[in-house]
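Undergrad: Here are the chains, one letter per residue:
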Amino acid sequence: MSVAISIRHLCKKYRNVNAVQDLSFDVHEGDIYGFLGPNGAGKTTTMRILATLLRPDSGEAHVMGHNVVTHPHAVRPLIGYMPDSSGAYRDMLVVEYLEFFAAAYRVPIDRRRRVVDDCIELTGLVDKRDALIEGLSRGMRQRLGLARCLINDPQVLILDEPASGLDPRARIEVQEILRALGAMGKTVLISSHILSELRTLCNTIGILDGGKLVYSGSIDEALARARTKLRLEIRLADRHDEAGKMLMETGGIVEISVGEEILGVELPHGTADFSFVAEALVRNGFRVLTIKEEEVLLEDAFLHLTGAGA
Amino acid sequence: MTIHLPIVWNELLRLGRRRITYINRTGPLLIALAFLSFAMAISWYTDEIFTPSPETFGSFMMFLVAIIEVLTGFSAPMVACATLTDEKDENTLGLLLMADLRGWDVVLAKFVSVFLLSEMLLLSAMPFIGFAMIFGGVDLHTVGMHAAMMTSFLIMACAAGTYFSAVSPQSGLAVTQTALLLGLWFVGTSYVDYNSAAWGLPIGQPALGVLTPIWGASGIPLAQMLPGVFLNMIIAAACLFEAVRILPRQIHARADAPRTAKVRGSERGRRWARRSSEPLAKLAASSLRSMGFSRRSIPMRILAFLGLLTILMFPVAGLFMLWILVFRETILALKKAREQGALDDLVLVPVSDEALGVAFWRGHTCATRMYFAAIVIWFAFYAWFMQFDRNGVRMLLIFLPITIAAHINVTALSCVAGTARFRYGMTGSLWAYLFVGGAVIGLLMPLYVEYLIGMFPTTRNLVYRTGAGYTVLAIAVYIGVNVLGHLASALLAVRCLGGRLRRCAGLQGT
Chain A
1 MSVAISIRHL CKKYRNVNAV QDLSFDVHEG DIYGFLGPNG AGKTTTMRIL ATLLRPDSGE
61 AHVMGHNVVT HPHAVRPLIG YMPDSSGAYR DMLVVEYLEF FAAAYRVPID RRRRVVDDCI
121 ELTGLVDKRD ALIEGLSRGM RQRLGLARCL INDPQVLILD EPASGLDPRA RIEVQEILRA
181 LGAMGKTVLI SSHILSELRT LCNTIGILDG GKLVYSGSID EALARARTKL RLEIRLADRH
241 DEAGKMLMET GGIVEISVGE EILGVELPHG TADFSFVAEA LVRNGFRVLT IKEEEVLLED
301 AFLHLTGAGA
Chain B
1 MTIHLPIVWN ELLRLGRRRI TYINRTGPLL IALAFLSFAM AISWYTDEIF TPSPETFGSF
61 MMFLVAIIEV LTGFSAPMVA CATLTDEKDE NTLGLLLMAD LRGWDVVLAK FVSVFLLSEM
121 LLLSAMPFIG FAMIFGGVDL HTVGMHAAMM TSFLIMACAA GTYFSAVSPQ SGLAVTQTAL
181 LLGLWFVGTS YVDYNSAAWG LPIGQPALGV LTPIWGASGI PLAQMLPGVF LNMIIAAACL
241 FEAVRILPRQ IHARADAPRT AKVRGSERGR RWARRSSEPL AKLAASSLRS MGFSRRSIPM
301 RILAFLGLLT ILMFPVAGLF MLWILVFRET ILALKKAREQ GALDDLVLVP VSDEALGVAF
361 WRGHTCATRM YFAAIVIWFA FYAWFMQFDR NGVRMLLIFL PITIAAHINV TALSCVAGTA
421 RFRYGMTGSL WAYLFVGGAV IGLLMPLYVE YLIGMFPTTR NLVYRTGAGY TVLAIAVYIG
481 VNVLGHLASA LLAVRCLGGR LRRCAGLQGT
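Protein chains in written order, with my numbering: chain A, 1 to 310; chain B, 1 to 510.
Incomplete in silico selection of chain A near chain B, CB under 10 angstroms:
| no. | residue |
| --- | --- |
| 1 | Ile79 |
| 2 | Pro83 |
| 3 | Asp91 |
| 4 | Tyr97 |
Just so you know, the hints here were simulated from the structure itself, not pulled from any lab data.
Cβ atoms here follow ideal geometry from the backbone N, Cα and C, with glycine treated the same way.
Construct all of the structure, not just a fragment, from the sequences and the given hints.
TA: This is the structure we're talking about:
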């Protein structure tokens, strides 16, 4: 798979603030790459550099093989950029706005209407086609921003917090659109604060902290790194206290926490086989309802990798 | 270098949906008609058997055309000032340049759209030109010269507006800068005698009390107009080239701006801004910063200084410019405060409506205080200038109360009007424009009446019979009405402002 976005030793400084420091990573074609990081980590700066709207102080960034600094005009037709505060002409109709940008991207006039219609349909704006942009809800404006991004049929989409400020339903709808775009083979670089949505959407993530990349790779690997201990959640029919005491005497267990319905059991890091716990419980006559390995969330991975969870 | 027609179309479409466009279209015509009605009424009153000669009629019609042109000449570049700053405000400039468009595509298309609009605005002058040609004996040559000069001026003015729109972070600042440049042009070309008969005299002569009946471009030789037209084209080309050069940088600069913005020591250190008990201190400080005067570059400072100095030397134009600058600042500060949510914070402050109103007014007076000095300088210049004029003392007497009162009134009135409609900053502008339009007409009207009196023998006889009674009475009434009106509106504004602010926010007054 060839590289769609390549960043090498990218640096950007605002006066005394290092927004981005020695950033290097690749995004492959067809990837949906999630860009994570706390506020001020440098996500937007990186995205704006990729979108040719900001010049880096040093380093290189390439989109589909074109340098964003030296060949911005070659990069621009290849990308669709949606800023965090997506701009729109408030006194235009949805269809007029999209037709205008289609014209700005030099979409031939005979194809223009069809392209606009396709984008409107893909982003679910059919009902709002002739609505004034000023009257659109935030969710609809985000969709409009997405539609504008797609107007030139870009190979790479750079989306800065596309779901921020949306209600859960609108967020799910935007996710579905992004999944559809991923299925169409577009490369998507997306930043978000809502980590759970990236978990289901992205196949690769990059985590920025203080302008530095602290992780870039698959989500599973990030989760594995965050897994520093194995914790089991055991539900018994009764006698949680007794079961806790019994297990502590069994050995091979780091810590036990007893709740009203759940018995929490922490095993040493690296334990792969925890069947001995179930065996011990059954052998001592406890009625086991469920044993579940506690899931490591992307939030945990994020906190672990950025050092905030320490 | 191409004119990207979709941008032109888009710009005209959007302008067509804005209220300000309708105001710009109808305002100058209404003012001209009001002028015409008033002049006719006065003529009828002073001399019932008034039958003007064709020459006088044509001259008067061309004067009305000049009024429309002057107002269009100011309003068109103001629209141009918003073209690119609006793109910056709406975060669409980056999106536009990310499309397959170059700087020239954007700048030229914006310029062309505003120029087309300004030409459309001038259509309201057509009936007067028609009357002047049919009944007033004004020939095609005069009209052609007039049109050529006006077009060249509009090209220059729209290009200047587009340039400052490209340079400035906000449209208000662009308007101020453009107004200064146009003021410089206005006075400069008048002093060196380019275009002066067409531009300077219709406004300047009545104000100066000189009774030479030259309106419009009649009587100006082509050789005298060509340097002016050439100068306009040079300025326009320079503005457009510079706008194209600077536009891409603006995107990068804008991206950097939020991170690199700094509050200057001089702004932070204002005593009124540090007082925590002052409910408006934060808003006023914010307004001052948002106006961006502190970020003005050195060339802009020089331009502003020269512009102010020069326009101040030109009596009526100087006053007019000051008005524009002052109320633009006020409206801008209001708009910014509204957008930033500062007004919402203010109305929740536990002080009385009156205190809130006074604080609000004070804050905006602070925001426009830099013009107080300018008014004094203007007055000093004018006093010095008028000593050489036979009407100097009389003119001073007229201008003195108007000058002081105008500032108070415009600020207060704009505050009330602007805050009365939370969502639309242009409502404040409309009120202020209407006020200034009315004030200018009111200012010129007694003088024009005098001009009419001087022109017609029967009227002159009437004045001779009554001595200078009419003139003195007219001026006295004029000054009285102005001063009382200004003071009343200022008091009303302060009284109502706090309550109005709160009612707009859905709160009960205290």
